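Just so you know, the sequences run in chain order A and B.
So the first sequence is residues 1 to 531, counted in the UniProt record's numbering.
So the second sequence is residues 1 to 84, counted in the UniProt record's numbering.
Hints are computed from structural coordinates only; laboratory data are not their basis.
No experiment lies behind these values; they were computed from the predicted model shown.
One or more hints might be untrue.
Example chain A residues on the side facing chain B (calculated, C-beta under 10 Å, incomplete) [what the hints assert, rightly or not]:
id : residue
1  : 54
2  : 373
3  : 452
For lysine-lysine, the following BS3-like pairs were computed, each having C-alpha atoms within a straight-line distance of at most 30 Å [what the hints assert, rightly or not]:
id : chain 1 : residue 1 : chain 2 : residue 2
4  : A       : 265       : A       : 303
5  : A       : 183       : A       : 269
6  : A       : 506       : B       : 44
7  : B       : 44        : A       : 493
8  : A       : 183       : B       : 57
9  : A       : 336       : A       : 303
10 : B       : 46        : A       : 336
11 : B       : 46        : A       : 506
12 : A       : 19        : B       : 57
13 : A       : 183       : B       : 60
14 : A       : 269       : A       : 239
15 : A       : 332       : B       : 44
16 : B       : 57        : A       : 336
17 : B       : 46        : A       : 460
18 : B       : 60        : B       : 77
19 : B       : 57        : A       : 332
20 : A       : 183       : A       : 303
21 : A       : 460       : B       : 44
22 : A       : 178       : A       : 239
23 : B       : 46        : A       : 332
24 : A       : 522       : B       : 44
25 : B       : 60        : A       : 19
26 : B       : 57        : A       : 180
What follows is a list of derived Cβ distance ranges for each label pair [as the list claims (entries may be wrong)]:
id : chain 1 : residue 1 : chain 2 : residue 2 : range
27 : B       : 82        : A       : 8         : 36 to 46 Å
28 : A       : 35        : B       : 74        : 32 to 42 Å
29 : B       : 28        : A       : 525       : 31 to 41 Å
30 : B       : 76        : A       : 239       : 44 to 54 Å
31 : A       : 325       : B       : 71        : 42 to 52 Å
32 : A       : 340       : B       : 28        : 54 to 64 Å
From the three backbone atoms N, C-alpha and C, an ideal C-beta is built for every residue, glycine too.
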Amino acid sequence: MGSEMEPLLLAWSYFRRRKFQLCADLCTQMLEKSPYDQAAWILKARALTEMVYIDEIDVDQEGIAEMMLDENAIAQVPRPGTSLKLPGTNQTGGPSQAVRPITQAGRPITGFLRPSTQSGRPGTMEQAIRTPRTAYTARPITSSSGRFVRLGTASMLTSPDGPFINLSRLNLTKYSQKPKLAKALFEYIFHHENDVKTIHLEDVVLHLGIYPFLLRNKNHIEKNALDLAALSTEHSQYKDWWWKVQIGKCYYRLGMYREAEKQFKSALKQQEMVDTFLYLAKVYVSLDQPVTALNLFKQGLDKFPGEVTLLCGIARIYEEMNNMSSAAEYYKEVLKQDNTHVEAIACIGSNHFYSDQPEIALRFYRRLLQMGIYNGQLFNNLGLCCFYAQQYDMTLTSFERALSLAENEEEAADVWYNLGHVAVGIGDTSLAHQCFRLALVNNNNHAEAYNNLAVLEMRKGHVEQARALLQTASSLAPHMYEPHFNFATISDKIGDLQRSYVAAQKSEAAFPDHVDTQHLIKQLRQHFAML
Amino acid sequence: MVKAGKNTVSNNSDMAELKSMFREVLPKQGPLFVEDITTMVLCKPKLLPLKSLTLEKLEKMHQAAQNTIHQQEMAEKDQRQITH
Numbered sequence: 001m002g003s004e005m006e007p008l009l010l011a012w013s014y015f016r017r018r019k020f021q022l023c024a025d026l027c028t029q030m031l032e033k034s035p036y037d038q039a040a041w042i043l044k045a046r047a048l049t050e051m052v053y054i055d056e057i058d059v060d061q062e063g064i065a066e067m068m069l070d071e072n073a074i075a076q077v078p079r080p081g082t083s084l085k086l087p088g089t090n091q092t093g094g095p096s097q098a099v100r101p102i103t104q105a106g107r108p109i110t111g112f113l114r115p116s117t118q119s120g121r122p123g124t125m126e127q128a129i130r131t132p133r134t135a136y137t138a139r140p141i142t143s144s145s146g147r148f149v150r151l152g153t154a155s156m157l158t159s160p161d162g163p164f165i166n167l168s169r170l171n172l173t174k175y176s177q178k179p180k181l182a183k184a185l186f187e188y189i190f191h192h193e194n195d196v197k198t199i200h201l202e203d204v205v206l207h208l209g210i211y212p213f214l215l216r217n218k219n220h221i222e223k224n225a226l227d228l229a230a231l232s233t234e235h236s237q238y239k240d241w242w243w244k245v246q247i248g249k250c251y252y253r254l255g256m257y258r259e260a261e262k263q264f265k266s267a268l269k270q271q272e273m274v275d276t277f278l279y280l281a282k283v284y285v286s287l288d289q290p291v292t293a294l295n296l297f298k299q300g301l302d303k304f305p306g307e308v309t310l311l312c313g314i315a316r317i318y319e320e321m322n323n324m325s326s327a328a329e330y331y332k333e334v335l336k337q338d339n340t341h342v343e344a345i346a347c348i349g350s351n352h353f354y355s356d357q358p359e360i361a362l363r364f365y366r367r368l369l370q371m372g373i374y375n376g377q378l379f380n381n382l383g384l385c386c387f388y389a390q391q392y393d394m395t396l397t398s399f400e401r402a403l404s405l406a407e408n409e410e411e412a413a414d415v416w417y418n419l420g421h422v423a424v425g426i427g428d429t430s431l432a433h434q435c436f437r438l439a440l441v442n443n444n445n446h447a448e449a450y451n452n453l454a455v456l457e458m459r460k461g462h463v464e465q466a467r468a469l470l471q472t473a474s475s476l477a478p479h480m481y482e483p484h485f486n487f488a489t490i491s492d493k494i495g496d497l498q499r500s501y502v503a504a505q506k507s508e509a510a511f512p513d514h515v516d517t518q519h520l521i522k523q524l525r526q527h528f529a530m531l
Numbered sequence: 001m002v003k004a005g006k007n008t009v010s011n012n013s014d015m016a017e018l019k020s021m022f023r024e025v026l027p028k029q030g031p032l033f034v035e036d037i038t039t040m041v042l043c044k045p046k047l048l049p050l051k052s053l054t055l056e057k058l059e060k061m062h063q064a065a066q067n068t069i070h071q072q073e074m075a076e077k078d079q080r081q082i083t084h
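Please work from the sequences and hints to get the whole structure.
Written out as structure tokens, the structure reads:
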């Protein structure tokens, strides 16, 4: 049956049914027969694009190089509440650090992971390279290397006759005359080709570790896409907003944020689109201007009232700025428009959990389960909510599911860690001990597990072991106050006042409002004054 | 977190009468002493963040790509061993 069908129609059918590999293969056969078949060519380009298509709005993976060498922020010492870099300055409405764990960058952990907000910026190069689990930042060196390079290499390896379109031989001017072809070609270059051309160079440079050179090297990557977009927009006499947005996207990837801003603004003047608002807001976030981004989103909401992505954008920015109450408000607004919005449900749920309302959090997570989300993280959260909401019958089964669904060892480690808490809660210290040990077996850098193990060891009276564990914990995660504080307490007890004081000061730096630390420091100061 | 405190309640005027018989004492007045004992802090339970669809797709593609590369490398290695 299939062989009798017109091949182009069949290819189209494959494409519509999202069987992109089959579609591309069929197009290849057609192109072998008639190399100038434009329909097959465009279809193949689109199929290959769709295979690796990722929503550009969501993707904003900052590499270490971008992060450390970022000079785009306008103010190096911004005023409180106007920057994403100083999350601690604007803590309103959120639970304190004593209740809600924080990431390496000092933000409360979020209920939802997006590529763009995996964490804030670490302060030093050392912190950036070392990636403790609490921060969830296994970062690539630069955004143009990492994931995209891998994707590019793989796509190159899978096609034995070399790439589908040889970009260096392409006469871009010719293609820019044909708007329909040009758009497909652009998407192909932008999404699929990405950085195939420069990949070898990049790999070499990666090993040398020369970051600035890498950044310059990126210029090659999007040059083709940018050239094509520039030619096309010229051809359309600067009247096509789509091309302007694409140019803006290219500039954004090249890190030329001001130029990108110009393009997006010009596109918005021609045609107001939700996407353009989102891209422009992304530019402002990269420039560390969250307030401008918020205003922009609100402008967008005037034009598109109740648009979920815009509302969600506002909520994300508030969350990044540590303004949890406003974030929750906007997430609720999102749910009014779209009651199956996973991100909003997850964020509100985690907010409730950490503001001492596990029963309500449980309802939100159950809703997610009803919606068909089925993964280890969700079951882990359900288990925790069940335990703290005193629905003990469901707790252990949820954790069992979470363990069986965990995709990697780090996830399993987190589940074991949380199970340890349940064991502590029911007073079974030996089980708790085993759970935390298992967390460490799965992930040897689990700082929280080290800390909690130390507390358990201390209860047994093993001071030396507890001290060693605490030292490990504090070196793994210097941003957490618990290991520092515990170390200070132990040292104080055994009379090592100097060490106690040093650790207490570290604890105070990590969590200035911690009352017990303040007491301890006061006590120690009195001791020293007496000497 | 509520600190586990030790409450010591004393009421001197009743003490003499109560010495002979042991009855519970529920004093209505008198000084109240609370001793704060610093305890060690546990790290808090951690809700795991859910992953966005884009992130999941990225990770899946990344994994697939790495597998392809790995297979390719293994194949090359095998070939090299055969030729040697």
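So, going through the hints one by one against the coordinates:
1. 54: Result: holds, 6 Å to nearest chain B Cβ.
2. 373: 7 Å, holds
3. 452: 5 Å, holds
4. A:265 <-> A:303: This hinted pair holds, its Cα atoms lying about 15 Å apart.
5. A:183 <-> A:269: 21 Å, holds
6. A:506 <-> B:44: Between residue 506 (chain A) and residue 44 (chain B) the Cα gap is close to 19 Å, so the pair holds against 30 Å.
7. B:44 <-> A:493: Holds, because 24 Å separates the two Cα atoms, which is no more than 30 Å.
8. A:183 <-> B:57: 24 Å, holds
9. A:336 <-> A:303: 18 Å, holds
10. B:46 <-> A:336: 28 Å, holds
11. B:46 <-> A:506: The hint holds at about 23 Å.
12. A:19 <-> B:57: Answer holds: residue 19 (chain A) to residue 57 (chain B) is near 16 Å, not above 30 Å.
13. A:183 <-> B:60: Distance of about 27 Å is within 30 Å: holds.
14. A:269 <-> A:239: Satisfied, since the Cα-Cα distance of roughly 11 Å is no more than 30 Å.
15. A:332 <-> B:44: Judged against 30 Å, a Cα distance of about 26 Å means the pair holds.
16. B:57 <-> A:336: 27 Å, holds
17. B:46 <-> A:460: Holds. Residue 46 (chain B) to residue 460 (chain A) sits at ~25 Å (cutoff 30 Å).
18. B:60 <-> B:77: 26 Å, holds
19. B:57 <-> A:332: Within the cut-off at roughly 26 Å; holds.
20. A:183 <-> A:303: Between residue 183 (chain A) and residue 303 (chain A) the Cα gap is close to 27 Å, so the pair holds against 30 Å.
21. A:460 <-> B:44: 21 Å, holds
22. A:178 <-> A:239: 15 Å, holds
23. B:46 <-> A:332: Judged against 30 Å, a Cα distance of about 23 Å means the pair holds.
24. A:522 <-> B:44: 26 Å, holds
25. B:60 <-> A:19: Measuring from Cα to Cα gives roughly 17 Å; hence the hint holds.
26. B:57 <-> A:180: Measuring from Cα to Cα gives roughly 28 Å; hence the hint holds.
27. B:82 <-> A:8: 36 to 46 Å: 42 Å, holds
28. A:35 <-> B:74: 32 to 42 Å: 34 Å, holds
29. B:28 <-> A:525: 31 to 41 Å: 39 Å, holds
30. B:76 <-> A:239: 44 to 54 Å: 51 Å, holds
31. A:325 <-> B:71: 42 to 52 Å: 50 Å Cβ-Cβ, so the 42 to 52 Å window holds.
32. A:340 <-> B:28: 54 to 64 Å: 58 Å, holds
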